[in-house]
Amino acid sequence: MGRYIIRRLFALIPVILVLTFIVFTILHLTPGDATTIILGSDYTPELGAKLKVQLGLDRSLPVQYFHYLANLMHGDFGMSYVTRAPVLDQLGVRLPNTAWIVVSAMVLCVSLGIPIGIRAATKPNSVFSQFAMVFGLMGVSMPIFWLGLLLILFFSVRLGWLPSSGLDQGLKSLILPSITLGFNYMANIMRTTRSSMMESIRQDFIRTARAKGVSEHDVIYDHALGNALMPTITIIGMNVGTLLGGVVLTETVFSIPGMGRLLVEAINQRDTPCVLGTLVVMAICVAVSNLIVDLIYAYMDPRIRAQFGAKVRKA
Amino acid sequence: MKQHYRLRRRSLAAAVFALLAITQFGGSAFAATQKPGPDGDITVVQALDMISFDPIATSDLSNQYVLYNIYSRLFTYPTNRLAGDVKELCKDFKRVSDTEWRFTIWDNVKYHDGSTLSVDDVVYSLNRAKAGTTIGALFKPVKEIKKVDSKTLAIITDGPYPAMTSALTHVATCIVPKSYAENAEKTKDWSKPIGSGRYKFVSRIIGDSVKFERFDGYFNKPEVAQNKTLTFKVIPEGTNRTIAIETGAADLNAEFTPTDYARVVKNSKLKLWEQPSALVWHLGMDNTLGWFANKKVRQAVGFAVDREGCMKVGHDGRGNVLFNSATFSHNPTVLGAIQNPLNMYSYNVEKAKALMKEANCPGFTTQIVVFRDEAERIATAVQAYLAEINITVEIVRIENAVFPAQIAGHKAPMFVTSWGCYWDPDMFLSRRFSKDGIGGVNRVWYQNPKLDELITEGRGTFDEAKRVGVYKRVQEFLADESPEVDLYVTKVYALSNDQLKGIEMTVERPFNFHKLHY
Amino acid sequence: MMPASATARPFTTKKEFYAQFKKKSIAYELWLRFLKNKTAVIGLVIFGSIVVVAIIAPWITDYKNVVIKMNIAERLQPPGSNHWLGTDELGRDILARIIYGARVSLVIGISAIAVSLLIGLVLGGAAGYYGGRIDSIIMRAMDVFLSLPDVLLALAIIAAFGNTKVNLTIAIGLAFSPKFSRVVRSAVMGVRDNEYIEAARSIGALDWRIIARHVLPNCIGPIIVQVTLYVANAILTIAALSFIGLGIQPPTPEWGNMLASGRTFMRDFPHIVMAPGLAIFFTILALNLLGDGLRDTLDPRLKH
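Protein chains in written order, with the numbering used here: chain A, 1 to 315; chain B, 316 to 833; chain C, 834 to 1137.
Mixed in with the good hints, there may be bad ones.
Result set (EDC-like, lysine to aspartate or glutamate): computed pairs, CA atoms no more than 16 Å apart in a straight line [unchecked claim]:
# : chain 1 : residue 1 : chain 2 : residue 2
1 : B       : LYS507    : A       : ASP89
2 : C       : LYS902    : B       : GLU709
3 : C       : LYS902    : B       : GLU538
4 : B       : LYS581    : C       : ASP968
5 : B       : LYS425    : B       : GLU538
6 : C       : LYS897    : B       : GLU703
Note that these hints are calculated values from the structure, not bench results. Everything numeric in this text was worked out from a predicted model, so none of it was measured.
Use the sequences and the hints to build the structure in full.
So, in structure tokens, the structure goes:
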């Protein structure tokens, strides 16, 4: 297992390399107005040229990229054009806020999505199941930024229960953003759990267990669920990226100072180092969470463990 | 390893509970602002983030009103700019002659780091401001700033300069410790400011908040802050700012959007503060770009735009429309302001079309740059009006921090923003429409030697009657030149709960936040 | 309806009856199967009507004088007989804007997916058909793209090139292309070892000809399903980008930018955010229903 983790971690390196290269190239293709942004009203062509040299923007793209990478290795994301502060400082402040809403959204989704999915599967013809199906379908079709607005209208404006912006009121201020962010995700998890659970229940070993006289509860939770959860875990993993994309919207709706809003602000400010830094960190987050999901998957599925063991031996 | 992964309902519930407990704990971790109460933590919400702690970096309003809390200046604003400027760091002053002013500063003024503020620091800071672009034009008449003795400095001008004390209220004249500023300039790092103002800097989250703490060593003891901490929080969305006050998440909304007017007036738990403002919302044009270099086209724009409509869309119709071209507001009245000089402008599409024809302009495509929600709405209205005279406009939303860069790079052919007027017209004329203002806040890039002459003439005397005469000519001249189209002057609003005391406003914004308390 | 009349036709002999089925082929059978899926039909009907409305929009309302023309006197009116869905903050009829918004969303959504489908067909087709090293190179590259959420990838492209409609289309198309490559690849892998492919190869047919004539037609099912679902995704992405101010710019009506500009007024005039939100919701819902239905019809094995 340890070797597997290490190998997977190493596999992240080319991903990050290629990714930074692509984003770096895209962002540097446009003629940089970096100098006018930094100098603002002090801009003169001479000062601009001087600054360009100072920032290394006069060098060729590959050289610039190489320098960027070298700095990145030391944890240096460069200086923001606008605030003149290290990008890393900003990221450090913003990341926890984003992490909180992402984690709470995931917790919410998993803790609601899976049980609802299981119940809907075990009682396929109940009202509950029908309701869950409709809910699931609505959930995957819901534009989350609209949902966020509706939640604000209802819970903040009409009822006055929950704050409509920021994260400074603790758990209370996390509720609406995490529901907003996780809504699609929850519906997805619910639908997947339901269908794979239904499939699992239909299988032979369940029939055997039932025939042996195992209680229905144990059949569902001990025998069927383990198998049925595999596709759910895949869905959870596959959608971490989507969740991080949704962060941009959720943070805009609820005025939360996280990575998403930072990215939008940086784009509006033409602050290339900041855009780049935010994207790189987000990509790393996605890659790492995919890795975690894969590990859980490998841990839960003996077949994959075995298969992987074989692979290592071959290599 | 068991064959099947086991998961019981109970353990699932326990896991959920544990995770919720973790989020609860985490929640308290960022509960930075406390509930408003007598303990004196005050949170003020505003729409945009501050930009830099370097006083001469920008004259952006969102920046100014944050900086005033940590730095002190020789003079500060009166609640109403029609009154005289209020002394702050300046203990006494006198005009020795038509061209020399002497300012005495307070004794034993301490910076937040415990060091003492010296006249050298003042001279340094003012010279630094003079060299900078944000108020370079304001200090144009200033010939020399020099130390007289350990408590006095002299400012020598090249002629009479009636707006001297007003100029010394400008944000760029905030006093910074020389050694700190020199170092900050070198490293470009202003992130941990030191000043002699009422608050010490605590922390900043860029794009979100700035936190200050009372400085008990403030030089004017009776004027020490009446609250313990002061936090500025950025909430870009107008309605969310209102909700923040309703729910108690913040104490004062320094930029209330009138779209919520009817609702908050009905709410007895809230208090809405309003007074006439000197914020002139205007449509700027880069006078050097394309068709905007043509006077007739600029005039056509002035006729094509319905100012009432813009005001309805931008500020729910609350304010007074202006038919001016040079920021002279008349409620409150700027010295010598006249309504619609030459009675020239009105909303008249036919006239606008005729002017376009005269200019041989078939119409064109251009951009309006904006960085606030209100401005974006005004721009949408302007977009519709200009479509009538065949000018197709694309709206470009940017962040306030890059606005100067857009202007400097001629990337803002049109823009919608506001300008806070002073009583003394020299404070904006010399910066916004003169050669000296180029590169600074002459965002319309307008230059005309004839106007420069008039501006010099206007500032050249202490005789107000004479000045009024000059400013009449200036306004008529600019009406014809139409370097920008003034739209309307709004009211200034602030929203608080009904418990908060000590709210004061200038003609731009709430200020004197050190007086806020319960 | 076509199949109804077909079944209603009387058959004289048993032979003719069976011949009918042979001729009508698989497509007809699939259509019957699809019709049995009620939710899928609902999806098709909703989406079909949205498409029709978008096409005939110029005959319903006037773009220049209704959709983008400001009318201050009538601003922020609640839904009523004059304006069925009310007016927005500039006094424009919301219904008219919703209708034109459909045009924008559909055109960009569909063309973006066309872009990603094209890229997906080339890259995924090559990877799936050739396998081996080509496969692993292409798929590694796609994995890299997949590690960045598609909204963010689109944002990066827009940040660099600006947000014109063409750039938006390309940005979204590129952002979704890795997923299409995967879908096409696995579909191609599913059929490439079939005997008729072997046969074509053995008579010396060119690779691209085999792919185009034999491989792709046989994996069209899963691709159509994905196209349906991803058009929904693309429309949602456009709305999302416009909502944060980086997509379609005013005055062009787009559902996302209508939500963004309306939210300031939503407390007192909730109708202003209801209509655009519902428009997005129903479009996505319809496409999801349709996609699910198609999946059940075309590939029962994939049924979730």
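*Going back to the hint list, which numbers does this structure go against?*
3 and 4
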